[in-house]
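> Spelled out from the first residue to the last, the chains are:
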Amino acid sequence: MTEYLDPTDSVAVPRKTAPRPASLDGKVVTLLDISKAQGNHLLDRLEELLRERATPKAIIRKKKPTFARPAPDVLRQEIVGATDVVVEGLAD
Amino acid sequence: MSPVERDLAHAIESLYARGVTDGLPVVPPTRALVERAVAASGREAGELVALVPPNYGRATVEKIAINAVMAGCRPEYLPVVIAAVDAVCDEAFDLHGVSATTNAPSPLVIVNGPIRGPLEINSGAGVFGSGWRANATIGRAVRLVCVNLGGARPGVVSMSTLAHPGRYTYCIGEHEEASPWESLAVEHGFAPEQSTVALLAADAPLGVYAQRSRTPEDLLPTLAASMAVISHHKMTHWGDTLVVLSPEHAKILGAAGWKKADVRRWLHERLQWPVCELVPGHNGGEGLPEHVLAKFAHPAAERAMIPKFRSPENIKLVVAGGTAGRFSAIVPGWTFSKGSNLVFRRVLS
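For the protein sequence lines, the chains are A and B, in the order given. According to our numbering, the first sequence is numbered sequentially starting from 1. According to our numbering, the second sequence is numbered sequentially starting from 1.
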């Protein structure tokens with residue numbers, strides 16, 4: 001059988017999602033606004049519901065400078081170091 | 001079925017099964033074909049050209065060559081494909097956003113310089129159309145690299161709501177010989193004897209029929225009216241966008257003594273509207289974003305003018321297409337503030 005070379009790169013495989021927590025109680029939750037129009041409305045409502053229905057240790061709000069580009073490293077490090085759960089809000 | 005036919009059918013189907021095509025069959029990348037393409041690049045197989053967002057696969061010369069062979073490239077196209085891959089992976093191009101967005105952009109390759117001749121890159125009749133191997137396969141190779149090394153699989157990472165046919169291939173040459181002006185590349189600091197690629201994250205071309213125009217004063221308002229609707233009719237502060245003038249249209253402007261800079265200034269000045277016409281809900285739900293509206297006490301009565309394009313320099317003029325026909329095209333960039341920009345690379349061969 002003829003050999004065909006691989007057009008992909010083994011490092012570029014899709015990432016696995018992190019395990020989901022069973023409960024948000026006692027967790028630090030970061031709500032990340034990606035800077036799309038009205039994303040804040042969605043996240044405001046989510047924050048309200050989270051406070052109503054769970055007892056997170058804290059809810060932190062963060063914002064990307066633009067939805068068009070990945071979050072800057074500094075912002076990512078801030079989130080990674082300080083949170084258990086991230087919710088990213090797409091909008092429009 | 002003969003053994004040869006069985007092998008061929010197996011090759012085509014197994015590459016489909018591996019999920020590495022763009023929906024059309026690809027040329028099976030055998031070691032011999034890939035080695036020939038690498039040799040034609042004049043570079044080492046293992047040389048790293050770029051990391052391809054968003055998954056940051058390593059685009060070595062060999063990996064680019066594999067994708068170029070699959071796209072149907074002749075070996076001598078490799079230097080152009082490599083330059084184009086290098087350009088899309090430039091931070092300024094924002095391939096991460098281009099590949100992942102729900103919007104529709106695709107990298108458009110614009111080739112300038114002498115390499116258009118020997119590679120037979122079409123810059124004339126039917127420039128955006130089918131029938132030219134170099135245009136068809138160079139653009140396709142860039143797409144396959146974005147998918148196979150960048151991870152931009154439709155519906156998985158690439159979440160474009162509509163996309164457009166340029167996601168199969170999108171590559172044109174500038175018809176420099178039919179232009180009254182310096183080329184796009186020369187305008188951006190390259191020498192006429194250098195060959196370059198310019199990469200624009202671009203929506204599909206919108207044709208502008210201006211057959212009765214004989215003067216700049218006829219032609220420019222017609223072009224401007226089509227540029228006004230880029231993204232939507234109330235979008236402002238837009239960035240790099242391509243105006244592809246047919247040779248006949250370019251001749252009208254050149255013969256009247258208009259330089260490229262004059263055309264850009266005219267269009268930029270024409271494409272401005274007062275704040276009161278850009279308020280969301282007035283003539284359509286789109287409009288100025290909240291942080292801009294917040295600068296004015298009474299936006300609904302405000303007459304300050306807001307431009308469609310951030311600066312005249314964002315309006316990029318290229319001459320292309322057949323020498324008969326008064327048709328031009330607007331190719332909208334995906335270039336809102338902090339988004340993508342036009343990126344150049346020299347073709348090294």
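Check each hint, because a few of them may be wrong.
The calculated DSS-like cross-link candidates involving lysine-lysine, where the alpha carbons are at most 30 Å apart (straight line), are [as the list claims (entries may be wrong)]:
1) A:K63 x A:K27
2) B:K338 x A:K64
3) B:K338 x A:K36
4) B:K259 x A:K62
5) B:K295 x A:K62
6) A:K16 x A:K27
7) A:K63 x B:K338
8) A:K64 x A:K16
The following residues of chain A were derived to be distant from chain B, with all beta-carbon distances above 10 Å [what the hints assert, rightly or not]:
9) L5
10) D9
11) A22
12) A37
13) R45
14) L50
15) E52
16) P56
17) K57
18) P65
19) A68
20) V80
21) A82
22) V87
Since the hints were made in silico from the structure, they are not lab data. Note that the coordinates shown come from a computational prediction; the quantities given were computed from them, not determined experimentally. Ideal placement from N, C-alpha and C gives every residue a C-beta, glycine not left out.
> Compare the structure with each hint and give your call.
Each hint tested on the structure:
no., hint, in the structure
1, A:K63 x A:K27, "20 Å, holds"
2, B:K338 x A:K64, "12 Å, holds"
3, B:K338 x A:K36, "13 Å, holds"
4, B:K259 x A:K62, "47 Å, violated"
5, B:K295 x A:K62, "24 Å, holds"
6, A:K16 x A:K27, "21 Å, holds"
7, A:K63 x B:K338, "15 Å, holds"
8, A:K64 x A:K16, "22 Å, holds"
9, L5, "5 Å, violated"
10, D9, "3 Å, violated"
11, A22, "28 Å, holds"
12, A37, "7 Å, violated"
13, R45, "18 Å, holds"
14, L50, "25 Å, holds"
15, E52, "27 Å, holds"
16, P56, "29 Å, holds"
17, K57, "32 Å, holds"
18, P65, "7 Å, violated"
19, A68, "4 Å, violated"
20, V80, "18 Å, holds"
21, A82, "24 Å, holds"
22, V87, "18 Å, holds"
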